[in-house]
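Colleague: The lines below spell out each chain.
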Amino acid sequence: MLPDDINEIDATVRAVLRDVLGLSQARVDAFRSETPLFGGLAELDSMAVAGMLTELEERLGILIEDDEVDGEMLETFGALVRFAAAKANR
Amino acid sequence: MIDHYDWAGGREAMLRFGPATGPVVIAAMPLFEEANRTRAFIVSILRMLAGHGIATALPDLPGTGESLTETEYASVKNWNKAFSSAVEFLKPESRPVHAIAVRGGALIDSTAPLASRWHFAPVAGEALVRDMLRARMAAAMESGETIGAETIAPPGPPIELAGNRLSRALLAELEHGVPSNEPPLRTVRLDTDTLPADRHLAGAPLWRRSEPGSDPDLARLLADDIAAWIATCAA
Chain L
36 MLPDDINEID ATVRAVLRDV LGLSQARVDA FRSETPLFGG LAELDSMAVA GMLTELEERL
96 GILIEDDEVD GEMLETFGAL VRFAAAKANR
Chain X
16 MIDHYDWAGG REAMLRFGPA TGPVVIAAMP LFEEANRTRA FIVSILRMLA GHGIATALPD
76 LPGTGESLTE TEYASVKNWN KAFSSAVEFL KPESRPVHAI AVRGGALIDS TAPLASRWHF
136 APVAGEALVR DMLRARMAAA MESGETIGAE TIAPPGPPIE LAGNRLSRAL LAELEHGVPS
196 NEPPLRTVRL DTDTLPADRH LAGAPLWRRS EPGSDPDLAR LLADDIAAWI ATCAA
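Each protein sequence line maps, in turn, to chains L and X.
For the first sequence, my numbering assigns the number 36 to the initial residue and increments by one for each residue that follows.
For the second sequence, my numbering assigns the number 16 to the initial residue and increments by one for each residue that follows.
Bound-form chain L, shown alone:
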């Protein structure tokens, strides 16, 4: 994967979290790979998870199967970016 691709996916995941959860740009800019998401971010409730996955699909042109959605890929910001990157490069 080219560095540009992963940077673009990282930026897209941040933008989706900002737009779907209504977070400030400063707050999502501060996310690190180990920043906890599901269970760690109060704004990310189950409805928001659904919205976030759909927005990721639309913006990255990927399709996420329901059986791929688990606690692991939602655990941290880094895990979500890795999941999205793996999808986008398939």
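Calculated from the structure, these hints are not laboratory results.
Be aware that a few hints might be false.
Derived, one-sided and incomplete: chain X residues facing chain L with beta-carbon distance under 10 Å [unchecked claim]:
| id | residue |
| --- | --- |
| 1 | GLU48 |
| 2 | ILE162 |
| 3 | ALA164 |
| 4 | LEU210 |
| 5 | ALA219 |
| 6 | SER225 |
Restraint-style ranges between C-beta atoms, simulated for each label pair [to be verified]:
| id | chain 1 | residue 1 | chain 2 | residue 2 | range |
| --- | --- | --- | --- | --- | --- |
| 7 | L | ALA61 | X | GLY163 | 32 to 42 Å |
| 8 | L | GLU110 | X | GLY163 | 20 to 30 Å |
| 9 | L | GLU103 | X | GLU226 | 39 to 49 Å |
| 10 | L | ALA65 | X | HIS19 | 43 to 53 Å |
| 11 | X | PRO231 | L | GLY113 | 32 to 42 Å |
| 12 | L | GLU107 | X | ARG110 | 35 to 45 Å |
No residue lacks a Cβ here, since even glycine has one placed at the ideal position from N, Cα and C.
With chain L's structure known, arrange chain X on it following the hints.
Modeller: For chain X alone, kept in the frame of chain L given last:
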């Protein structure tokens, strides 16, 4: 002002703004939880249209808003019928009636006798069902409950999805629902949405926010776009 319209299944409330003459815009709200999240935003657009000299109407549909019908008795077919009746109610005032529909609202303006249709971020019913089912799955990750497509398949009792009790018949109807494409039609989407549209605008998908918000800049751009579209239709 709060007005009412009658349809075959009863009487529903309809919010109205703007002048008593000239074109009327009738709005079809997004469906379910998305309606709660965008109501303030859509009402702000309707108020801005009044500033353009365009009257607006926002009908409650059976099973939504202040309706006395329980949401579990709602159906796409009845929403289309009720929306058509609301349009007919506005027509005897000898005014052209234009529809604006947001998200799933674009599934319910298909049968109404309209001068034109304007859609913002229209979505197929299948995507809405998928979103609601996913929310249920995400909630189940904590409870350990097993949720899948078979969870909502008919026959069976109404099912709680994303905060609403919905009939399985309605969910099955939605699975086949696609936005109307009867011309004259104009479609506007957010610039993050890759689907084709007449115009793409910058903004955030407010229908996904758990805290209802508004976006005055986007509302202004959309109101101006609607006003220009209606002027084009009248020309």
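Colleague: Hints broken by the structure, by number, lowest first?
Modeller: Violated: hints 9 and 12.
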